[in-house]
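Given the sequences, and given the hints that come with them, work out the whole structure.
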Amino acid sequence: MKDNHHVYCGARRLHKLDNLAVLGAKIHGVDVCSEQDLTDIVDVMTKEVGHIDIVYANAGFAIAGPVEETSIEKVHQQFDTNVYGAARLARAVLPHMRISLVPTLAQR
19 MKDNHHVYCG ARRLHKLDNL AVLGAKIHGV DVCSEQDLTD IVDVMTKEVG
69 HIDIVYANAG FAIAGPVEET SIEKVHQQFD TNVYGAARLA RAVLPHMRIS
119 LVPTLAQR
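If you read the sequence shown in my numbering, its first letter stands for residue 19, the second for the next number, and so on.
Keep in mind that the hints are not guaranteed to be accurate.
List of simulated lysine to aspartate or glutamate pairs, DMTMM-like, C-alpha gap at most 25 Å [what the hints assert, rightly or not]:
no. : residue 1 : residue 2
1   : K65       : E86
2   : K44       : E86
3   : K92       : E53
4   : K34       : D61
5   : K65       : E87
6   : K92       : D49
7   : K20       : E53
8   : K20       : D61
9   : K92       : E66
10  : K92       : D55
11  : K65       : D36
12  : K92       : D61
13  : K92       : D71
14  : K44       : D55
15  : K34       : D49
16  : K65       : D21
17  : K65       : D55
18  : K34       : E66
19  : K34       : D55
20  : K20       : D36
21  : K44       : E66
22  : K65       : E53
23  : K34       : D58
24  : K44       : D61
25  : K65       : D49
26  : K34       : E86
27  : K34       : E87
Hints in this document: simulated from the structure, not taken from any laboratory. These numbers were taken from a predicted model, which means no experiment stands behind them.
Dropping the structure here:
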């Protein structure tokens, strides 16, 4: 990509990354609720590049509506994605970011 940066993008819905793929990003199917998905993409990045400098995490969703009409299962799913997913991602990448000169982890 621009300035010879290696950019890897992960998402459950890969079609949403088509515009980044056209620019040269490497696209991978990743679900932050899956430890294996995160391990797999981190392995690919470290094997191909050797380190990870920047991670921008954007996984998450909101639940709209009254709490009494929201199922506990939906709340569990939201926490699994928004809270535990962010923690899974951080745990997967931080050991590899320690060798970077500019490690940056951003959560949206």
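Hints, one by one, checked against the model:
1. K65 x E86: Violated, at about 48 Å.
2. K44 x E86: Between K44 and E86 the Cα gap is close to 42 Å, so the pair fails against 25 Å, i.e. violated.
3. K92 x E53: 20 Å, holds
4. K34 x D61: Roughly 23 Å separates the two Cα atoms, so the pair holds.
5. K65 x E87: Roughly 46 Å separates the two Cα atoms, so the pair is violated.
6. K92 x D49: Holds, at about 17 Å.
7. K20 x E53: 30 Å, violated
8. K20 x D61: 23 Å, holds
9. K92 x E66: 37 Å, violated
10. K92 x D55: Status holds; Cα separation ~22 Å.
11. K65 x D36: 24 Å, holds
12. K92 x D61: Not OK: K92 and D61 at ~31 Å, beyond 25 Å, violated.
13. K92 x D71: 34 Å, violated
14. K44 x D55: Between K44 and D55 the Cα gap is close to 15 Å, so the pair holds against 25 Å.
15. K34 x D49: Given that 25 Å is the threshold and the Cα spacing comes to 14 Å, the pair holds.
16. K65 x D21: 21 Å, holds
17. K65 x D55: With Cα atoms ~15 Å apart, K65 and D55 stay inside 25 Å; holds.
18. K34 x E66: At roughly 24 Å apart (the allowed maximum being 25 Å), E66 and K34 satisfy the hint.
19. K34 x D55: Distance ~18 Å between K34 and D55 Cα, so the pair holds.
20. K20 x D36: 17 Å, holds
21. K44 x E66: 11 Å, holds
22. K65 x E53: Given pair K65, E53 holds - Cα atoms ~18 Å apart, limit 25 Å.
23. K34 x D58: 20 Å, holds
24. K44 x D61: 14 Å, holds
25. K65 x D49: 20 Å, holds
26. K34 x E86: Roughly 32 Å separates the two Cα atoms, so the pair is violated.
27. K34 x E87: 30 Å, violated
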